[in-house]
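Chains A, B, C and D, in that order, are what the protein sequence lines are.
Take the first sequence: its letter number 16 is residue 15 in numbering that gives the first Met the number 0, and every next letter is one higher.
Take the second sequence: its letter number 381 is residue 380 in numbering that gives the first Met the number 0, and every next letter is one higher.
Take the third sequence: its letter number 98 is residue 97 in numbering that gives the first Met the number 0, and every next letter is one higher.
Take the fourth sequence: its letter number 16 is residue 15 in numbering that gives the first Met the number 0, and every next letter is one higher.
Hints listed in this document are in silico derivations from the structure and should not be mistaken for laboratory results.
There could be a bad hint or two in this list.
[What the hints assert, rightly or not] Derived BS3-like pairs (lysine-lysine); straight-line CA-CA distance at most 30 Å:
no., chain 1, residue 1, chain 2, residue 2
1, C, K175, C, K119
2, B, K75, B, K5
3, B, K412, B, K32
4, B, K14, B, K102
5, C, K165, C, K175
6, B, K132, B, K106
7, B, K7, B, K75
8, B, K232, B, K266
9, A, K36, A, K136
10, B, K266, C, K175
11, B, K412, B, K475
12, C, K165, C, K217
13, C, K119, A, K84
14, C, K175, C, K97
15, B, K366, B, K5
16, C, K175, B, K132
17, C, K217, B, K132
18, A, K136, A, K84
19, C, K119, B, K145
20, C, K119, B, K281
21, B, K132, C, K165
22, B, K106, B, K32
23, C, K97, B, K281
24, C, K217, C, K97
25, B, K75, B, K1
26, B, K145, C, K97
27, B, K123, B, K32
28, B, K14, B, K145
29, B, K281, C, K175
30, C, K217, B, K145
31, B, K5, B, K32
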Amino acid sequence: MPFNIQHSTFLVRPELQMSEVIIDQSDFSEERATLEKTWAPARGVIGWLTETGHKQIGMRYIVTAFCFFVLGGIEAALMRIQLAKAENNFLNPDLYNQIFTMHGSTMMFLFAVPIMLGMGVYFVPLMIGTRNVAFPKLNAYGYFIYVAGGIFLYVMFFIGAGPDAGWFSYVPLSGPTFDAGKRADTWAQMITFSFQAARAGDVAQSHPAVCVVDGCDVDHGHLRDAGGNAR
Amino acid sequence: MKWSYKPKDINQSAKGIACCDWVNRGCAFANGKIFFNTLDGKTCAVNATNGQEVWVTQVANMARGESITMAPLVVKNKVLVGDSGGEFGVRGALTALDTETGKQIWKAYSIGPDADCLIGPNFKPFYPSDRGKDLGVTSWPPDLWKIGGGTVWGWISYDPQLDLIYYGTANPGPWNPEQRPGDNKWTCGIFARRPDSGEAVWFYQWSPHDEYDYDGVNEQILVDVPINGRMRKVLVRAERNGHVYVLDRTTGEVLSATPFVYITTSKGVDPKTGRLIPNEEKSPGFGRVVREICPASPGAKDWQPSAYSPVTGLLYIPHQNLCQDEEGVQANYIAGTPYVGANVKMYAGPGGHRGEYDAWDPIHARKVWSIRERFPVWSGTLVTAGNVAFYGTMEGWFKAVNATTGDLLWQFKTGSGIVGQPVTFLAPDGKQYISVLSGVGGWSGAIVPGQLDPRDGTAALGFVNAMGDLPMYTTKGGMLYTFGLP
Amino acid sequence: MMVGAETIQSALRPAGPEAARLTDLWWIFFWTCASFYAALMAFFVAAWIRGRQNVEPDVTPATERSHTTAVTAALIVSAIGLLALLVTSVAAGRAVGKFATNSNQLEIEVTGHQWWWEVKYPNPAAPNQQVVTANEMHIPINTHVLLRLDTRDDIHSLWIPNLHGKRDLIPGRVNKIFIQADRPGVYRGQCAELCGLQHAHMALVVVAEEPEKFAEWKKRESLGAPTPQTPEQVRGQQVFLGAPCANCHNITGIDASATLGPDLTHVRSRPTLAAGMLLNTRGNLAGWISNAPAIKPGAQMPPNQLAAGELQDLLAYLDTLR
Amino acid sequence: MCNVRRSPFAVRRGGSSASGQRPTANLFLLAVLLALAACHREQRSIAPTAISAARTFPVRVNNPYEGNAYAIAEGQRLYEQYNCSGCHFHGGGGIGPALMDNEWIYGSSPANIYTSIAEGRPNGMPSWGGHIPDYQIWELTTYVRALGGFEGRVATASRSDEMEAKRAEEPKK
């Protein structure tokens, strides 16, 4: 551990306590170099994949969510075309039901939830003045899980296994008797991905957020203190 | 071998309309002839001395799902034959054939207009709910009486003194009771009729609007016993709905009805109206799974006949101890195919044993002793003047017990499970013999000869769920065992 | 019978007391919300105009006080408005949810199927008087009608906007709803819960009529099918019994007691076919019989390959079922 | 993942169809993608053609619905509705033989099962040919094959719906 708080030389003058912290930076060059390396943006494809910066991840969430928003909008438009006149044959009932559920699921779980998550990931650390969320890798993992869920849903849709059991896939319509094949499973799988992503994102952010509520000393060592010894 | 007779042109497809395995409950001997029924709906008369066929009459119509499994009874030169197929949407009937020619003399339907049921001015049921015009039609939704079951596949009794025959009618179809609101007369009841004309004298319904396939076809024991200090001509019946009934056999009045097993489906019999009081909570219907229906569909006791000993004054009842879960589904009538509308899974009732052999005191309406068996006691029973009661088990044990105490006296392991009825006879050599058929099968034993798959608990109308281990205890067979008394 | 253009389906044109309550509630909500919205907009515009006129902010203790008073007043008015809406809404909910207890009532069982409605008039006292029909419900006016709702497959929801709100049909349960029509008319109802492919085409009509006319209709419905007269009709009956028809449909009076599809005993007296999708004409019926899934993809009625003569005979026979 | 095969019966309904409806806007891109990537398991023949409803029976060896989940589900529905379950129950058998074990009196190939359903068998199996349309016999065949474990778990429902699970509060019996 190059950066060890326990025997660091934080010199806190008792008379300036609570308002000012003066750090003697003279013998910190080595730690500084390590820190800068640690926080430097990674490069290349591998770098892109291993990126854990909250701004980057947050922005990815927001951009991806808007892509799904567009897809959901296209689905809405297709449904509206079908409904534009009575007894229309633009979409057959099967496809209509799939697009209906695709639209609902996309808008809820691939747009609404992730975009809020993305906003949170982007802004919460800025708002509480931390360098990143509490669990940056978990946060990145959450994003990729979310993308995987979305891609899975659309791949299944394009091979004819799009979910088609209403907004919330309720039984018995989504049960084996009325919904053959893997369509309900597709939906459930997508939800699993989406929820896992949401949970990962929430947990990743939770510590700084708790600190805000709790008023803990967020400037210091929050990364190290993720385990809970913030005070 | 003296002779053998094989009925000609037996239609093998009758196997597809026999709800509960391919069974035959016996034959009758009268006027030098042997009478028996075939599964495909024929009644045959064969000369007892040389095995020559005398006549064959087609009684049941297979195309409509009718078959025959019951043993005929000969009364006053008439062969009485009933049909089977309550699970196939048939219309039950009892037919009287001339013993000499095989011609039909009368036919009494169990459901339908009074004229078809041979209900006339002399019909005097004891309870008001059974009086009225064309109840066999009006107690059914439109047209459903035509396919409503009420078959006659059990035992017929004759009282020569009163000149009455007694027989029970089976369950209404389909099983799912929501599809047939109403009392569903005259199913699940007992008719008393004149053997000459077939006209009905009285009727009593064991289970009005039956919800659990409690066919009312069990045997009736006709005895004269003192009830409340008065000698009464009674009819004792251990009924599928779990009660032992004592009926006045001249009028059809219920003298007593006492539970002999654990019952959840009903709350007793109303002494005033004679009506079984159903338990609404256990009423099966569409989309619901009702748990702990006790007794299960085969009832507290199915067709296996009990025996009465005038020596001990006790009734010996072989029966089962089963409960079931049931789910109502849509029954769809297609002629010649099953018409049930229920998924059923049976299992052992309280105590975990599936069978019981009871001695019952009909006068005081109480159980005297009881023997528990692993499997349903699906064989008939026999009690002798020597105070010994015989019965068989589905594992294959043929047992003799003390009729007074129920102590096991002797047992013998036969080659297969026993579902037949033991008989005793005095042979020409002056010795007394006991015979019993060994060969498992029937509704309860179908898993063995039919090689059913116990992974599906609903198989064989749910009986397989309770009998999954039977193949480990016995194999199929078919052998007559005769034992000489020492 | 007037169906089609004459059939109305509108929650704002109530034809019964329950629907009237709901419509009143709707209008109360509409006008309350609209007036609040208008007031809010008026204040907003006023503030905007004032903001443009007054360059100097007017912050004296007196104006502070009057602002506080104004905000408090607005808060109180809003709270009262919301509370009033809550009270009216709960009151209306309780009123329409209450089951009538008087004897002047009729019980009807409505069963949802994929994708049609079975309507049954039970008669516990005389089960053989029971009447079964499909996608069509007749009710006498000024009578409380208790609908017992059940389903054999999915969750459905019965919505007859002119008579009442929605009520779900849930497998294994019996839900109840009371309706009453105050004036004769034909009201359209619709399944309001996605129930699969043809959810959109799962409609029924409610015919509210004078009690005498209703009794007459019910009496006619309780009769069995007439005996076919012409040779064509006789042949048609044979086609019905021999073709797949009798596997699924019931016709009281003949040997067809199947329960999968709608009861056809009086099929030609109904206004529509295919759960409100087609008008009940001979041509539509022919098309429906020949290839129902082409008209209603997913429908459980299979296509039927009948010879031309067979189809004509069958239609002739079905024509007698009125 | 999927066995891409076009079945003569499984006509996807895009807009044009045998019923003569106006072929309005076909689903251009989506339809093309669907057709390209159509997964046989997931194909649903929600509008069987009149031809497939024939009541005469060309002898086929290949099951057009093999591995098709919708056909299996439809077969299951028909199996209950046409009372197959009345004799064979849910595979365990009773009046008729068990269908979930590995003993097949008349053979287990799709053609064998089709023939058993269409023509019946002497020990009580009724013949359904002429009473139900051809494509339904194939759906039933596919479901029976699924009961016997021949259809693979990918297309078969993971559980049957008869006798739903116990509610949590109920005692285990």
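Here is how each hint holds up against the structure:
1. C/K175 / C/K119: holds, 14 Å
2. B/K75 / B/K5: holds, 27 Å
3. B/K412 / B/K32: violated, 34 Å
4. B/K14 / B/K102: holds, 26 Å
5. C/K165 / C/K175: Status holds; Cα separation ~11 Å.
6. B/K132 / B/K106: With Cα atoms ~19 Å apart, B/K132 and B/K106 stay inside 30 Å; holds.
7. B/K7 / B/K75: holds, 28 Å
8. B/K232 / B/K266: holds, 27 Å
9. A/K36 / A/K136: OK: A/K36 and A/K136 at ~17 Å, within 30 Å.
10. B/K266 / C/K175: holds, 28 Å
11. B/K412 / B/K475: Status holds; Cα separation ~14 Å.
12. C/K165 / C/K217: Holds, at about 26 Å.
13. C/K119 / A/K84: violated, 34 Å
14. C/K175 / C/K97: holds, 11 Å
15. B/K366 / B/K5: With a Cα-Cα distance of about 44 Å, the restraint between B/K366 and B/K5 is violated, given a limit of 30 Å.
16. C/K175 / B/K132: Not OK: C/K175 and B/K132 at ~34 Å, beyond 30 Å, violated.
17. C/K217 / B/K132: holds, 23 Å
18. A/K136 / A/K84: Violated, because 50 Å separates the two Cα atoms, which is more than 30 Å.
19. C/K119 / B/K145: Given that 30 Å is the threshold and the Cα spacing comes to 20 Å, the pair holds.
20. C/K119 / B/K281: holds, 24 Å
21. B/K132 / C/K165: violated, 43 Å
22. B/K106 / B/K32: Holds, at roughly 22 Å.
23. C/K97 / B/K281: Distance of about 28 Å is within 30 Å: holds.
24. C/K217 / C/K97: The hint holds at about 27 Å.
25. B/K75 / B/K1: holds, 29 Å
26. B/K145 / C/K97: The given pair, whose Cα atoms are some 41 Å apart, is violated under the 30 Å limit.
27. B/K123 / B/K32: violated, 35 Å
28. B/K14 / B/K145: holds, 23 Å
29. B/K281 / C/K175: Holds. B/K281 to C/K175 sits at ~21 Å (cutoff 30 Å).
30. C/K217 / B/K145: holds, 23 Å
31. B/K5 / B/K32: The given pair, whose Cα atoms are some 15 Å apart, holds under the 30 Å limit.
The structure fails to meet hints 3, 13, 15, 16, 18, 21, 26 and 27 from the earlier list, while all remaining hints are met.
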